[in-house]
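Peer 1: Okay, here's what each chain looks like letter by letter:
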Amino acid sequence: MNILLLLLIIPLLSITGVLVTPRGKFTKWIALAGSILQLIAAIGITINYVNLRKAGDTAQMLFQSSYDWFTPLNIAFSLGVDGISLLMILLTAVVVVAGILVSWKIEKQVKEFFFLIILLSLSAYGFFMTTNLFVLFFFLELAVVPKYLLIGMWGSGKKEYSAMKLALMLMFGSALVFLGISGLYYMAGKYGGNYTWNILMLSQINLPVQIQEVLYVLLFVGFGVFTAMFPFHTWAPDGHSSAPTAASMFLAGISMKLGGYGILRVATYLLPAGAQQLSWIFIILASIAIMYGAFATLMQKDLKYMNAYSSVSHCGFVILGIAMVTKVAFTGAVMQMVSHGIMTALFFASIGMIYDRAHTRQANELGGILKQIPFIGTAFIISGLCSLGLPGFSGFVSEMTIFIGSWERTGLFYRIATIIACASIVVTAVYILRAIGFAIWGSIKTKEFLLLKDASWSERGAAILLIAGIIIIGIAPFLVTNLIDADTSAIYSRFLSVSNL
Amino acid sequence: MDIALLFRFEIIVAILIFALIAGALFDFGMKAKPFVFTMNILLFVTFLIGFLPIPEGYYFSEFFRSSGLIVLQKNIINLGVLLISLTSYNWLIKSDERLEFYVLMLCSVLGVYLMLSSGNVLMLYLGIEMSSIPIAAMSNLNLRERRSSEAGTKLILSSSFSTGIMLFGISLLYGAVGDLSFTHVLANINPDSLTIFAFVLIISGFAFKMSIVPFHLWTADVYEGSPVPVSNFLSVISKGSVVFIFLTVLYTLFGKLQEEWLYAITILSILSMTIGNLFALRQMNAKRFLAFSSIAQVGFVLVGMAGASDVSVTSVVYFILIYMLSNIAAFGVIGAVNDKTGSESLNKFKGLYKSNPFLALMMAIALFSLAGVPPVAGFFAKLFLLAAGFKSGIYVLLAFAGVNLVLSLYNYLRVVKYMFIDETNEPLEKIQPATTLKIALYACLIGLIVFSFAGPFFNYIHSLSI
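Residue numbers (our numbering), protein chains in the order written: chain A, 1 to 501; chain B, 1 to 466.
Bound-form chain B, shown alone:
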């Protein structure tokens, strides 16, 4: 029973994957709507199982690690996957590649689980690879569109290249330290040149996955070319999970090198925030806009990480949860508008409040959360990161973070302006959002408001991370 509880997520997801593949091979042939409905139920069950009690510790000679924080992170990922599946209803019904979507997504999620609970750098690498390869195939799932294939190709090529570099770094780390389990590395690492070089290479690999400038060049094109659910997944699950594991890498693996990595993280953060916000200024494609905005958001997360204060881990986990809810809501609305009009241009959002007040309000709340405006939880998430980053004592970083608060506000207010203030000659018709989309949007809304005022949840995360 213990093993089952320990591996509950992995077991369920693996069973699901095999069931789906078997279903495809033996052509059980479910119709679209019941299939999507069943998948949603199963994903919800997976999410609920996350609340069962947790055994902690290291298993399989430290290849698998379990702790309260890791289970919380996995459950956040589960919530994200569930919400993505709910918001993608229309696309899934219309697409012929439903099954492939779910299989690939679940494979990626399994990789995420292994990555999050890794106790050994090799397992970490396996998890990252397993989570990123299916996404490249997912990017291609709009089979009849050229830019979807372009996105898939770009993603697989650059992803493989970056993990190659990371593997090189890992091999150098092995040479420097002797064994790759986290506890061994933590005990034996010292800041000599081989280790620092390994660190640079490993950081480069992670920076690619997190879309940190200057490793971000793939982001906008891939987000634009992929179908909306896949962009959603990329921006939230893929990015969020790598941020989670990056916390471990910075604080546990390379904790002793803090003086060395502090300035590196500072520069990466400043670059990401500024370039992300500046490039988003000119975007008229909704998905590209969110791509650059997510680059800026991760830059902001790095501010919190640079601080290395006792609330850093808590703030980052809290931020990723809130960011996830906001981004899923935003992509959900973009998906709904795209399904109706076939266009992803922000011009289609003009006058959205008059024609579709519900969608416009949800989008506005998601954007306010991303901008960091009260009373939604994004305010607290962003400011906790800033407060945590204060401990680093690097005032240039904080100054840039302050400037970027203003820049990002402009970006998000620009879209709010289109929806609420601008008028258009071709108003959108009334979009009837799918029931599951409505459920997901309400869930995001409730989450964003509740997590603002529910201090106990933040305190709970803090108790886990110490």
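Only chain A is shown next, with the shape it has when bound in the complex:
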């Protein structure tokens, strides 16, 4: 049995456990146990992968296996991971553990909540480990309804509106993705000889440039909706802010990376000629997202909205990296996906913890948090500093890599885009320091805040796990880059062969 299947079986067992046990008591423990097992499994698979690579296995993807599903349409449940997928799976495992720990105090409909969270994590694992485009889409869609229900049932603020907007916009993105992958399937048959959904087989086929351009735009925009690419980002601020804490962590931390991974693996890797011709469109959109996201964040007073727009801005870096089409930029984009995933999860977790205690998320109503609840305040500060790219944390490494990778493209257009992206750091610094200054430092504004209790064991656990991730990547980024080096080269090599044609 393929060990990758563990990452699907453990969540399924957790779901069964959650559904079967009587209400309340054991649900949370089962969910937590399941997620910790998934983390252990993910780390185990990574270690196994690294050893296999050291032993000299140079296949593009390891742990491959395939189970026939619907043969007339060549749909097979085929699995396979490379460094990039593994990194995303690790990210998912870490964020899910943290999310479950942070939701320890949920009172309302506990079973349903953890059921939906585990279902979301299942969909993310499946998405990252499959090499068949139809199955990829299956897992992408699987997440839509859990997100809708999580925001609608446990959210706050205008939750029904946000949930519906999120569901419809993501479905719109999915429809574009499906049209794109069906196009790939049929064009592969027409020009390549066999109809296939398999990513590895599709990467061997060179489609005519015009077809590649159309499919590239369809797929980039479709997956871009998931990454909150401008101008399809409007679901993100309302969606992230109305969602309950664990759902926000998952949405911003993992779900937006589904889009980024899709753009890299499907739109760019499989359609290099289209990417070469048309990536400039997305460089423009990414630069706008970075700048606009940063300035929009400046205007926000609600901490969660602030973080949501900041996510739009940071995911703009991911899109910029992928659209710049250089090896270093790809590496930077993958690192930024991981780094931002952990950082934003930490950010949302801290905001959630503050909100649970102070019942407000408005930055100007909070103040002096650091004195009363130092642990949570520190977690907030760390996530903020990582967001603005302080060296020592993962944000610095990933953003630097993207800038260096983007600077490799000579040409006025690319240079301007890179400069705009770099300049946004200043704006980021402004809003982060302002938020910290208002909310965390300073004097206490409201008397009740004197009675706030600091983080409980579960919340501490979640925060420490995420902070560890940020610091490890920040201080030892070579761990990450060694893992994905061969894979970004593989993706970039398609562009070398295309330009040689």
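Honestly, the hints are just simulated from the structure, not real lab data.
Beta carbons: idealized from backbone N, C-alpha and C, even for Gly.
Certain hints may be false.
The calculated lysine-lysine pairs, modelled on DSS-like cross-linking and capped at a C-alpha distance of 27 Å, are [said to hold, decoys possible]:
#1 Lys354(B) / Lys25(A)
#2 Lys453(A) / Lys371(A)
#3 Lys111(A) / Lys438(B)
Chain A residues, not near chain B, derived (Cβ > 10 Å throughout) [what the hints assert, rightly or not]:
#4 Gln277
#5 Ile281
#6 Met400
#7 Leu479
Could you slot chain B onto chain A? The hints should help.
Peer 2: Positioned in the frame of chain A, the structure of chain B alone reads:
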């Protein structure tokens, strides 16, 4: 023995009909519950007989055709009839017209069988007529309600008119080709103006039965006025069987006219999907809502048909099966809520999850399947149709299909929102669903999950259709 196997469905159903009529005439007078129970058992036996081996071929100078695919289609219809009978338990017990319901339904089903296994256009027409006339009487079975009579009248008038038009088309086709058996038509048809005109008229007749825009105007009112089991039957059996035979009409009868009918089907599909979804946005009556949703679903089926790829037939058959399971489950829940409260308004669904979690979950799963959301089988059904439709190369059609995926999701999520998220001041009491309803709902649930992951079933359908 061969003849018995060949005609097994028709023989059993005919015997049942005569037995029921005899029972009525001679007043055997069974009480309600044993009667319904016996009928359910008999319908289940009919369904099981469908799995026996199949002789293939043409009989009765090509008026009767048998093949693996046809038997599968008939058995799908049997499954649908069985599930409808199971979910309608409460209505049947309370109604005085039980016997009439079963007789009429079985007559309609017999017509469906003849239609599905027709090898000659005349037999096809006979089957369609035989299947649609009893339904008009069935629509009227809530004898004390005015809107039920209105539904019955609307249905019979518009149904007769449309089959009249279809008959006109058939007569023109006869004039163009010379003989009406499928093999003869297939060999001798050519796209001259008489044939195309005949085609337009025949398509109009079929479009009425399938509720395709702009022939759909009867759908909402008839579904709203009829009793819930009859709406169930209309939306699933009547529609599904006509879709099955429409596949034969498009690909076998008029296969050579593909260039001509491709754009017609495209336009019909775009109109049906869009108008069905847009009109469903505003509906607050559960049955009207499902009526418009079924219009949109059939529009989606036409996308798959337009593709005419080798998976088209497979995808359509698979889709109708999944659609059937989802719709029967949805109508079952609506029926249960209606039996308890007497209301079909979607407002009654508000907060359903808190008061009746089982019913709310079943309804949600049925709606997710209709919307095309994983992990239920509706996802695969809808997307296979879309993938099959890709081969047509008409990108406008695919774009509209994509937009309609979003629109339909909104419609179904709206109901899910009522059930799970909205709160109400007048919560529903706990509804104790009848045992048979529970069995049927579980069967639909299991079917929807199993058919997702059981690839072999899809492969089996594919092997039959080639």
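Peer 1: Starting from the hint list further up, note which numbers the structure goes against and sort them upward.
Peer 2: Checked against the structure, no hint fails, so every one of them is satisfied.
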